[in-house]
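Enquirer: Below, each chain spelled out in residue letters.
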Amino acid sequence: MRYIGKEMSRVDGVAKVTGRAKYAVEYKVNNPAYGYIVQSTVAKGRISKIDTSKAEKLPGVLKILTHQNALKVEEEGRQFRALQSDNVLFCGQPVALVVADTFEQARYAANLVEIEYAKEEPSTDFSATPRVQTRGPAPRGKPAEEFANSPVKIEAEYSIPIEHHNPMEPHGATAFWEGEKLTVFDKSQGVYGVRGHLARSFNIPEGNINVRSLFVGGAFGSSLNVNYYPFLAALAAREVKRPVKLSLTRRQMFTGHGYRPYTAQKVSIGADESGKLRSIIHEASTNTSSYEEFAEGTTRFGRTLYECPNYDSPYYLLKTDLPTPTWMRAPGAVSGAFAIESAIDELAYELKIDPVELRLINYAEKDPETGKPFSSKALRECFTAGAKKFGWEKRKFAPRSMRDGDLFVGWGTAVGTWGAFQAPATAKIRVRNDGSLLVGSGTTDIGPGTYTVCTIIAAEALGIEPKKIEFVLGDTELPKAPSQGGSITTASVGSAVYGAAGEVRRKLLGLVDKKEGSPLFGAAFEDTELVDGMLRLKSDTSKSMRIVDALKEGGVEYVEVEYQSRPSAERQNYTTMAHGAQFVEVKVDESLGIIKATRVVEATACGRIINPLTSHSQEMGGVVWGIGMALHEATEIDHRYGKMMTTNLADYHVPVSADVFSVETDFVEEKDEIVNELGIKGMGELCLVGIPAAIANAVYHATGKRVRDLPITPDKLL
Amino acid sequence: MTDHFEDLHDAEGLTADEEKLLDELGLEGESRRRFLGQVGAAGFSVFALQLIAEREAHAAGEVPLEPAAERLPLENAVKVAFKVNGEQRSVTVDSRTTLLDTLRERLDLTGSKKGCDHGQCGACTVIADGRRVLSCLTLAAACEGKDVTTIEGLAKGETLHPMQDAFVKYDAFQCGYCTPGQICSAVALLDEAKRGEASYVTETTGNRPAKLSDDDIRERMSGNICRCGAYPNILKAIKEVHKGEETAATWNFAKPGLLDKEVDDETV
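One line per chain: the protein sequences are A and G, in this order. Here the numbering used here = 1-based position in the first sequence + 54. Here the numbering used here = 1-based position in the second sequence + 1036.
The hints are simulated quantities; they were obtained by calculation from the structure and are not laboratory data. In this text the structure is predicted, and so the values were computed from the model without any measurement. Note that beta-carbon positions come from the ideal geometry of N, C-alpha and C, so glycine has one too. One thing to keep in mind: the hints can contain errors.
Here are the simulated DSS-like cross-link-like pairs (lysine-lysine), alpha carbons at most 25 Å apart as the crow flies [unchecked claim]:
id, chain 1, residue 1, chain 2, residue 2
1, A, 448, G, 1291
2, A, 235, A, 126
3, A, 606, A, 561
4, A, 295, A, 111
5, G, 1192, A, 82
6, A, 443, G, 1291
7, A, 60, G, 1205
8, A, 82, G, 1115
9, A, 442, G, 1291
10, A, 60, G, 1275
If you want the footprint, here are the derived chain A segments under chain G, 3+ residues with CB under 8 Å [as the list claims (entries may be wrong)]:
id, region
11, 62-76
12, 660-667
13, 670-677
My request is simple: use the sequences and hints to build the entire structure.
Expert: Following this line, the structure appears as structure tokens:
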């Protein structure tokens, strides 16, 4: 491999460090108007009166949209749609949109919209909410009976508060109409989803709409669902007959795009004295809204984690008068792993068995849920490599046994898993006779480096230097690819690019293989390769032809192919997953309750690594997210008003530079020919999954205190 | 037509579990069948539009290109003249307008980012008269006579500022949205160090070392949030520019060359 697996700087790096990369509301459009959203101040009830007259009189105000004058759209399931009725479903619901000549005018006018409500009592207190069981997999074996019969038992309850994605770029869109044609620049993880949503909203053909998301300033799941604001931006643009820029404020984001739900879990583990697991009962409840059911599969990945013959994972929903939650990085998996991997650590201490050892005792050689083999699973090697790098053998087992001066030192570990998914994806390649090369696919790049890895894959498969390739994405004019999420992009879109490159080779060969005298006359497709800008025979590399010459020979300006890749049928015979062992050191100042995660080692088995530079950055990001989840992040709610309170970056704490220290990655590559041709698994979620549990386990090791309610803030240690 | 869909559906090779999960993740599901019907129909005409997006989106219409603020009488209009990236600029703004919105909406300098608009995230950081300031908390009206440098003003032509180079080299960003603010902060930080200014964690109060410790750099950069979590790489980039210290990669292949070797064996 010439380019795959080698470090490469981001192809969009210069654009990002010079400020030239344009995000959703940064495009220069003709004579823009600015939108500003007015939100409900109550959580439940009806709008009894809405008076826009004062606001309308302000200079610059062009239009104020409310439920009384906004276009009504057909219901799409029970997804929230803005300005459709007087019904208030949650505090912070958009109830009016002011459009004005300037941002300052719109913001001020928004303050002058007068609204009265017929209030009802909201219910947001999770502990007071009745839970409703959802459908889930049937129990494996006889979990309750085997738990009761187990000689060693752990039973513990864990909770995780609501958390918010807080990408740095606020959600926003720029929309304009040219006749019946609508263009929207949106902060989105999936341009096709936004296009379909807008087409249904305005009842116009999808072909009349172009949605673009060329750069996305982080999203982490918050732009997977189509949010309510692109419709508002497009509607406002139609009303005022001008382009409209509409951004949520940071505060509005907290109720504008969903969040990681509140999660309560109970784990019951039964084991025998040797450490063998006999039964796990993993129960989870997460909150949803009053109008939509959102379940994230908190208990899903636990079922394949260990060899354990008896397993049950009931899942419940709590209906609240809050907006609907959504997917947030490693949805379900990280929340579930916090409970399961904390409980396994508790079991290790109950049994006095090293936490790594206990996990290896219960290592699942095949999928315990289905009995299928794993397509590859180098988790054992991750433990070996990670433990070595971390220095695990120097760990003293007892809590409070390791010190660094006045600080208590704790070492913890946990396993992370995530599915190695692939979805159908299409890519297009055009090779021109001037040597330039365009590759495109309608996915997005919210930060992991899709622009770069797809360029690398194209370069490898086409035998052309990366710098000569332009890879484009984030546009509904490009062939359809799945939204960026669930760690599926490189496996899906990368496979499409790889496949398309093969088709380019076939077409190029077709231009020259029938011409006598051509060095490639009569060549078999299987015996050809593209290397160094040449099409050549594998069996005799002296028989070659420059790609540009092949095009000339064929009398064509360019060759173009579109190729759709799909997951192979063979995958069905296997369970395809990515695994990781994660090791964390914390240092705890007990007198102040301050915890620092001073050292993290991620040992990761996720198939083939395309670009270790950007992959390591993802690992780092996962660690930082894990630190946030374990130690900092919480959205507090005042249940008297049903209102989220910590809706800004001063009150909602995310890790900053001073909270993050050493992060190292060991890539334990797997040769996996089942997952896809290139052997790619995803990693963007995986790297986060085990971290919060590993930190909590390290805090226990340091202090002897088992904190089961995140985040582990100083008050919980004092 | 239905049969056609069914055929494709069967050929996809998703297990029932995968299908369900992808559906639950909002990545596939209902939309998939529509998608399959469309394959091959998408145009390829937009290739020219893309990557750096320097080419702008223009809506049709007879109205002038400038924002309305350029044309309309404003309430509380304030005329401000200041230097931006070495160039003298003069704008008339609504007195409520921040420096950030002036840069982004009036001067077409969208490199400075709006992350929170409340001075809590650092994405809007620019350098004014040699010091980093939060442009979202700075009114344009207060900038009369100031000399402002934004991310667009750091490179000399096509030659990047050393800090920009180092950010690319160490992959000190992912989504790139906080990056201009991080870089402006980092560049201003170098001068703070030269001036001997203390931070909360600076140890000595007398003769300060000319070079900042890692902890000091972390502390001084903690006003700039990076949600993608590139902090360790940002530290490496700053160290290289500040101290000329190159930092080794913090990743490795546990079994180096494993795949390379095997795959090459097969293909050669």
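Enquirer: A separate judgement is required for each hint: does it hold in the structure or not?
Expert: Hints, one by one, checked against the model:
| no. | hint | verdict |
| --- | --- | --- |
| 1 | A:448 - G:1291 | holds, 23 Å |
| 2 | A:235 - A:126 | holds, 20 Å |
| 3 | A:606 - A:561 | holds, 13 Å |
| 4 | A:295 - A:111 | holds, 20 Å |
| 5 | G:1192 - A:82 | holds, 24 Å |
| 6 | A:443 - G:1291 | holds, 13 Å |
| 7 | A:60 - G:1205 | holds, 14 Å |
| 8 | A:82 - G:1115 | holds, 23 Å |
| 9 | A:442 - G:1291 | holds, 13 Å |
| 10 | A:60 - G:1275 | holds, 24 Å |
| 11 | 62-76 | holds (count 14) |
| 12 | 660-667 | holds (count 4) |
| 13 | 670-677 | holds (count 8) |
Violated hints for the displayed structure: none, as all numbered hints are satisfied.
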